[in-house]
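Working from the sequences, and respecting the hints, build out all of it.
The listed protein sequences correspond, in order, to chains A and B.
Here the working numbering is used: the first residue of the first sequence is 2, the next is one more, and so on.
Here the working numbering is used: the first residue of the second sequence is 257, the next is one more, and so on.
Since the hints were derived computationally from the structure, they do not count as laboratory data.
Yeah, the Cβ is synthetic: ideal placement off N, Cα and C, and Gly gets one too.
Watch out, some of these pointers could steer you wrong.
[Claimed, not checked] Pairs of lysine to aspartate or glutamate, DMTMM-like flavour, derived with a Cα cap of 25 Å: (1) K102(A) x D419(B); (2) K532(B) x E118(A); (3) K402(B) x D503(B); (4) K56(A) x E398(B); (5) K99(A) x D389(B); (6) K121(A) x D503(B).
[Said to hold, decoys possible] Output of the computed footprint for chain A on chain B, the stretches with three or more beta carbons under 8 Å from beta carbons of chain A: (7) 388-399; (8) 408-414; (9) 432-445.
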Amino acid sequence: MKKINFLLVAVILVAFAAANFAGKNPPPASPIAIVMKVVKDVSFKKVNGDWNTIKIGQALSTGDEIKTGAKSLALVKFTDNSILRVRENCSIKIYADKNDKQISKNTYIGKGGVNFEVTKQQQNEEFQFTTPTMVASIRGTKGFLQVGDNGTVLVLEEGAIDYKSLLGEQTKGNITGGNSVIFTNDGQVTVATISPDQQRQLEDSKKTNTKKLIIKTNQGDLIIEYLEE
Amino acid sequence: MVKKVTFFVVLFLLGLIPTTFAQISNIVSEVKIGNAKENEPLTLEVRFQQSALVTKAVIAYRSFGQNEYTQSEMNLQGTSAFFTISAAEVIPPNIEYYMLFTLTSGGEETYPLEFITSNNPIQITVQGISGKDKEVLIMSPEKNEKILPAEFFISISLLRASDIVNKSATKIYLDNKDITNLALFADDIIIISPENFQIQLKDGLHNLAIELYDTANVLYHSVSSQFVIINPSYALLGQSAIKYAADVRLESRNENVQTVGTWYNNVNVNVQADYKGFELTGNVYATSEEKKYLQPNNRYMISLSTDYAAVTLGDHYPKYPSLVLNGKRVRGFSGEINLGFFNIQTSLGEISRNVEGTFIQYKDSLGGNIIAVDPLKHNGNKYAEVETGTFKRSLLAVRPSFGRGENFQFGLTFLHVKDETGSIEYGTSPKENLVLGTDLMFGFDNQNILFTTQAAFSLLNKDISQGSLSDSQIDSVFGPNGLINMDPNSVKKLRDRVTGLFTVNQYVTPLNPQELPSLAAETALSVNYFDNYLKGSYIYRGDQYSSFGQSYIRTDIAGINILDRLRLFENKFFVSVGFENLQDNLQKTKRATTTFQTLNTSVSFYPRTNLPSIIVGYTRLNNTNGLSPIKDPTDSTAYLSAINDVTNRISTQLSYNFEWHYRHSVSFSFVNSARDDQSHANYDIDNSSVTVSSGTRWLDNLSSSFNISMNSSKVDTTNFDYVSLSLGANYSMMQDRLLLAGSLSPSFGDYKRTSIDASALYYLMPNLTVQFQIRYLNYDYTSSQYDAITLLPIKLKANDVIVGLTTQLSLQ
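Here it is in structure tokens:
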């Protein structure tokens, strides 16, 4: 079943990329986002490149991938000021299609959690999230996405989102702030108001503050930075 | 060579402009004003020549189109006073202000000095929000972000920049230094990565400016942003759930004024902390100027707030509807709970503390400054001549309200202020004030349509020393045969209803509440569409309206005010027109009704490119009460009450920032105000002033300023003319660890004064500075104050020296 899901998502992403770039020459890899903050173990990969350790200020272009390790974080800001907080043990891949001053963005989240603050998109622009079980279109909103083995949980703090399940009956719908939607691997879609647990997850996913531990050694100070609980 | 010569010719010509003007003052050394941008709070700092001169500072300001000034007490701290104009009040094209200082000598002085005669306020140009601002996004560092040096990098998004912008020609300035050569341009993004940025940034505030150029290499737009570099060691300390910043400032200063030397010492501590959504702010200011016989000079305040509630203790300025309580310092407690559908705000404290009067001698009967005293305490004496003190004045305010205030809010306000009669022995006429108010607002379409209204009714008792009247006293004081012709029974009813809440006796005003003499109300409707802001308002202020929470309100006035402001060409061009028609004598207590008509017009141009910004304004004030200024044999005193004057005021402001070998900023202003008074007093005033000032950054560590000004006034038949010059420079050395500054400011003409200022600031540590300042003043002029005996203007001639040492520690 998982293999089928993977194939389905791969087909969708290829289709997305093909649709975006059909009939055009491949554009130069213009940066569309910047890595603003890195905590602990975060690496990135360019298209056809190898995985490398990422640093703050790293520019990201379409097709770039990021993955985070345990207790790690990457904060990504797009050129339209939209923000992604990529939580621990997460992998994402960003796609963009630029048309003059409009950029349509699609972030594929393979696993893990991402907190998002998407600025109001201009006409002919959209910000999409794709996971193995769903695709969500956003025009300007805040929330949290968690992709796990059992499916995807989308928690919406404010604004509105149009979603579509990629499995089962491929249910379409939309939710507004204060609600969540769960997409399971068997195609079930459940909409509900945000539960206390989800609310806590949402708040935790916004945190980017770190603590530092200083270990004084003969060779100098060793500073260990870790995410605030 | 030719260019250099031309440059100096320009500077020379600027210096030769014949009529120039700057704000001379016996009190104010300088006024520091932040960058005035629409809908951003604006902070003003007034620096005094000597701290010992001022006991109270009040700022009066108004946005364009308002004829009434909003007055608020400034936060007085040592040699400075501060005030922040709220974001909503910072509206293009300008804000006008003047200041009023209460002096330790008991007198008052305005700034500008000649405001009292010319009524010409100072104008602050407000830059409108530009649509182009959105074309540049500074992704990092964010506005006002606190950032570690190791995490500092710059990234700018030009995704939304216009097609005519040449992105690769963009220039980046950090603290006025061009760092464009460090930048990597990648399509819509410009990055200066940490690896490329090898400049060591000092702790503290920094300015980042971005200039966009079009394809013809002409400046298209510029934006700026500020950020704060924090010290890594203290940042480590701050890496906990509690975020905090603290600032400690110690100052010791000797002022040698007219051969009398005095030491002043003060300490100022500011603390800010944040813990899981709770924000704490605190301030302690303790000074050697604190005296028991004066109102407090020390200040302390602690405040804790969340999204839904706030508590403040100490000295603070609670904000209630403007007719009731606003701009008044309260020492005590304020708290608020904001749930949205229901909110409540309350304040409890004192607005003046008890200061005991001084006994002079016993007297046999009452009279001026002679009060009744307790014979048991005073060996049987009943009366004493005293220098009266100040009662402790306590305040209680409560305002429940409904609605968030975005689309709807309805509020009710209760204010009770009372002098504590037993707080001092030697005092007269303790007072009590009760105000009941209500306010309502509706906002539609993001408040593009906004309706606001508020009303308040006041009761004032001018002497509560004897308490409420008894039945027999009411019968004797009130009635057809009494002192006041009012029905005694209605007075008794009123007394019984408000007993415990308000003191009812013969000193209560108004005595005729049915005629609404103590009602104040105002209603406004604004519509903001198609870049046109139109507002109409109506105000009514009865002649006996009085709120001790709002001391600076104009009463006995009613009428309309209309304002229209049109924005054109992406907020580069503003046309503003305001008209006000007010009348006094609402309760027919004056011989004639005066009509006050004001027409305000202004045209502003902010090109935001390499062209100067220009504001041209015209104001006409016409006051008349219909009485003839010519003596009428049938009414021999009418002409004495005649009011008939017209004032025409023209103002021009021009400012220009440009780069010509070096970065320069030049500004020019001209104001002419002519008052033609046709009344018996014939109090004509003609005032002209011109200012030219320039600033140049010669090197990264060297800048200079130059200011020349002249003011020419004629009040009735008296002329007052002066010229003022100022030359200053700032220089930093030792890798910016030592900052030197100096200025020379002579004034000539009817106001002769020379001041020389020098200061050296040294960074002992990145977050610890020590500063030495010295000021020399030489003056020889006639003061605006009068000698109590000779009744002649006081002539001042002296050499003063002020020496100060300040240390400042910042923790973050």
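Evaluated hints:
no.	hint	verdict
1	K102(A) x D419(B)	holds, 9 Å
2	K532(B) x E118(A)	holds, 20 Å
3	K402(B) x D503(B)	holds, 15 Å
4	K56(A) x E398(B)	holds, 18 Å
5	K99(A) x D389(B)	holds, 22 Å
6	K121(A) x D503(B)	violated, 38 Å
7	388-399	holds (count 3)
8	408-414	holds (count 3)
9	432-445	holds (count 4)
Hint violations for this structure: number 6 only, all remaining hints satisfied.
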